[in-house]
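Make a model of the complete structure from these sequences and hints.
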Amino acid sequence: MTDRAIIQKKGVENTVDRMFSASGHKAFIGFLTAGDPGADSTVEFILEMERAGADLVEIGIPFSDPTAEGTVIQDANIRALQGGMTTDGVFDIVRRVRERSEIPLAFMTYLNPIFHYGYERFFSKCEELGVGAVIIPDLPYEEREEVQVPAAARNVHVISMIAPTSQERIQSIAKEAHGFIYVVSSMGVTGVRNEINTDLEAIVRSIRQVTGTPCAIGFGISTPEQAKRMAAISDGAIVGSAIVKIIAASGAQAGQQIYEYVRSMKNAVESLSYGKTKKTVFCQGSL
Amino acid sequence: MSKGRYGIHGGQYISETLMNELLRLEEAYEQYRKDPGFTAELNRLLNEYAGRPSLLYYAEKMTKDLGGARIYLKREDLNHTGSHKINNVLGQALLAKKMGKTRLIAETGAGQHGVATATAAALLGMECEIFMGKEDTDRQALNVYRMELLGAKVHPVLSGTQTLKDAVNETMREWSNRVDDTHYCLGSVMGPHPFPMIVRDFQSVIGSEAKAQILEAEGKLPAAVVACVGGGSNAMGAFYHFIPDEGVELIGCEAAGKGVDTAFTAATIATGTLGVFHGMKSYFCQDQNGQIAPVYSISAGLDYPGIGPEHANLHDTGRAQYVPVTDDEAVEAFEYLARTEGIICAIESAHAVAHVIKTAKNYSPDQSIIICVSGRGDKDVAAIARYRGVDIHD
Chain A
1 MTDRAIIQKK
11 GVENTVDRMF
21 SASGHKAFIG
31 FLTAGDPGAD
41 STVEFILEME
51 RAGADLVEIG
61 IPFSDPTAEG
71 TVIQDANIRA
81 LQGGMTTDGV
91 FDIVRRVRER
101 SEIPLAFMTY
111 LNPIFHYGYE
121 RFFSKCEELG
131 VGAVIIPDLP
141 YEEREEVQVP
151 AAARNVHVIS
161 MIAPTSQERI
171 QSIAKEAHGF
181 IYVVSSMGVT
191 GVRNEINTDL
201 EAIVRSIRQV
211 TGTPCAIGFG
221 ISTPEQAKRM
231 AAISDGAIVG
241 SAIVKIIAAS
251 GAQAGQQIYE
261 YVRSMKNAVE
271 SLSYGKTKKT
281 VFCQGSL
Chain B
1 MSKGRYGIHG
11 GQYISETLMN
21 ELLRLEEAYE
31 QYRKDPGFTA
41 ELNRLLNEYA
51 GRPSLLYYAE
61 KMTKDLGGAR
71 IYLKREDLNH
81 TGSHKINNVL
91 GQALLAKKMG
101 KTRLIAETGA
111 GQHGVATATA
121 AALLGMECEI
131 FMGKEDTDRQ
141 ALNVYRMELL
151 GAKVHPVLSG
161 TQTLKDAVNE
171 TMREWSNRVD
181 DTHYCLGSVM
191 GPHPFPMIVR
201 DFQSVIGSEA
211 KAQILEAEGK
221 LPAAVVACVG
231 GGSNAMGAFY
241 HFIPDEGVEL
251 IGCEAAGKGV
261 DTAFTAATIA
271 TGTLGVFHGM
281 KSYFCQDQNG
291 QIAPVYSISA
301 GLDYPGIGPE
311 HANLHDTGRA
321 QYVPVTDDEA
331 VEAFEYLART
341 EGIICAIESA
351 HAVAHVIKTA
361 KNYSPDQSII
371 ICVSGRGDKD
381 VAAIARYRGV
391 DIHD
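Chain order of the listed sequences is A and B.
My numbering puts the first residue of the first sequence at 1, with every later residue one more than the last.
My numbering puts the first residue of the second sequence at 1, with every later residue one more than the last.
Honestly, I wouldn't trust all of these hints.
[Said to hold, decoys possible] Dumping the calculated EDC-like pairs for lysine to aspartate or glutamate here, alpha-carbon to alpha-carbon at most 16 Å:
{"hint": "1", "chain 1": "B", "residue 1": "LYS3", "chain 2": "B", "residue 2": "GLU21"}
{"hint": "2", "chain 1": "B", "residue 1": "LYS358", "chain 2": "B", "residue 2": "GLU329"}
{"hint": "3", "chain 1": "B", "residue 1": "LYS3", "chain 2": "A", "residue 2": "GLU145"}
{"hint": "4", "chain 1": "B", "residue 1": "LYS97", "chain 2": "B", "residue 2": "GLU26"}
{"hint": "5", "chain 1": "B", "residue 1": "LYS64", "chain 2": "B", "residue 2": "GLU329"}
{"hint": "6", "chain 1": "B", "residue 1": "LYS3", "chain 2": "A", "residue 2": "GLU146"}
By construction, these hints were calculated from the structure, which means they are not laboratory data.
Put into structure tokens, the structure is as follows:
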């Protein structure tokens, strides 16, 4: 709880914590890749997601070799990098969003771009721009410390992930989680799935035995029905590939469609938000 | 800090989905490496099936021609399937089988590791799927067919640069999709712990044999052990038992491609920087934003933007040196060894031969050098002909 202590000391609220502060609130978390198809579009799309009711936007910092991603997000990474997107370029996008919005934001990327930028420099920029969390799929529990310490010093959460294979690791991971817990719905990589067969209720139950940290479910969620089902057993749903697909198809013109899609997903999730006592967030599609 | 560290390098930078599987693999390995039944079975396969021990051959003509150290070739090219890759694959396949796995998946660059994995799968009655960059399936078409003959399914990888690193990406993705019955038979001393350790241990048979053989032949340790390095499995296997012998130089030869001052290179130690990729902290060819660089080498097996973490540490500590060798030098060495000793070696191994051609004269005739000839060169003949502008139909 190092970072919580720091939050209290500084009296600054992490934007991601704010999202879960209302009891019983079910969150919708949307993902996009920064710079796909360009920086201006990313700024616009984030604002559209906020207007449609997204509770948090995960911004993907593109990486050349995204090993946890399916082809939809892999291709988005390539488009963004070919368009010249850099880590500083992503911070610039956030700066422009922050001129107009206070929406909770998180970064999703692989460890190497952050390592290369320098942990201290990276997390101080996150703090300055109000990016409350980072999701790093190639940073498991065992390797967390080298990132956790500099991130906590800047009031940034390193989001813990729990997978269908985590089993006896679930509670160890959950006990030390901050911000929210990213529950990976399925085996494999990110991408739209027709069916999610993991016993997610059992995983969430196991998490809730040891922590009050909210959980969101992601990977493979694309329809309002799926989002609703995921949000019913957790605190929210995370959706990535389905949004990135809209961007891939419509490019810079995707704004209105993103708005409509996120609106429908948010409505599905929100229909559940009435004073439940426990909080869980399901994340859809970002991984 | 986590397990599997070599100085600051190594670790387990991998998705949560795969962590339990890595822990189980480590546990199974620790159990079976001490199991006399397992080691006896593996040794039987290595000796009776793969043809070990491999020869340590005194290259007399080369020695006379170059003038200097007495040159020995550790003939891993004579192993079954034609390279050192079989040493590791038999170990991992047997281990996987003991763990109850029924399916092997693997990446391959030149195709040597893919062929070895397909071979072990056929022998042990396991399913096999190989991921190979599309560019590599084109330049090593014969090996693709060879894997198919052995019953493997070969998936051309269309993502990224369509070479070895992309094949690793895709194999990791497939493994995270299906771990229950599947073992990822990783081909080099890289990736997350415990792979760098397991692969090094299974390959260290190269150096332990070579050490006994050179002591028998020369009555003393060699002045140097020289091997090519991509991920670095044959080099790590050749070096490992010589690490405590500080008088023995350990020299890894990286693929410089068209030169380390060009963008067309795969020389990680010469041009790379510290990073985290493919499950490990090590040196990688990358840009200022930490994006992994497209690398280039005439050799598909060395065309990789990283290096195993134990090599990175041997570099940091100065125990081993890593030197770049260009395509031109490697091709000349490939031709030289064929003409001089009647041995057509793999273009990968030719990088090590090239370094010794340049440096043998700096040693005295009472010193010896061991070159690890990691594989045979049949697979490269068409590519070398193309390189020389010779039109052959293969």
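Hints versus structure:
Distance restraint check for LYS3/B and GLU21/B: the Cα-Cα separation of roughly 15 Å lies within the 16 Å cut-off, and the hinted pair is therefore satisfied. This hinted pair checks out: LYS358/B and GLU329/B have alpha carbons roughly 9 Å apart, not beyond 16 Å. This hinted pair checks out: LYS3/B and GLU145/A have alpha carbons roughly 13 Å apart, not beyond 16 Å. Restraint check: the Cα-Cα separation between LYS97/B and GLU26/B comes to about 14 Å, which is no more than 16 Å; the hinted pair holds.
The hinted pair formed by LYS64/B and GLU329/B fails the criterion: a straight-line CA distance of about 20 Å is larger than 16 Å. Distance restraint check for LYS3/B and GLU146/A: the Cα-Cα separation of roughly 14 Å lies within the 16 Å cut-off, and the hinted pair is therefore satisfied.
In summary, the structure is inconsistent with hint 5 from the numbered list given earlier, while agreeing with all the others.
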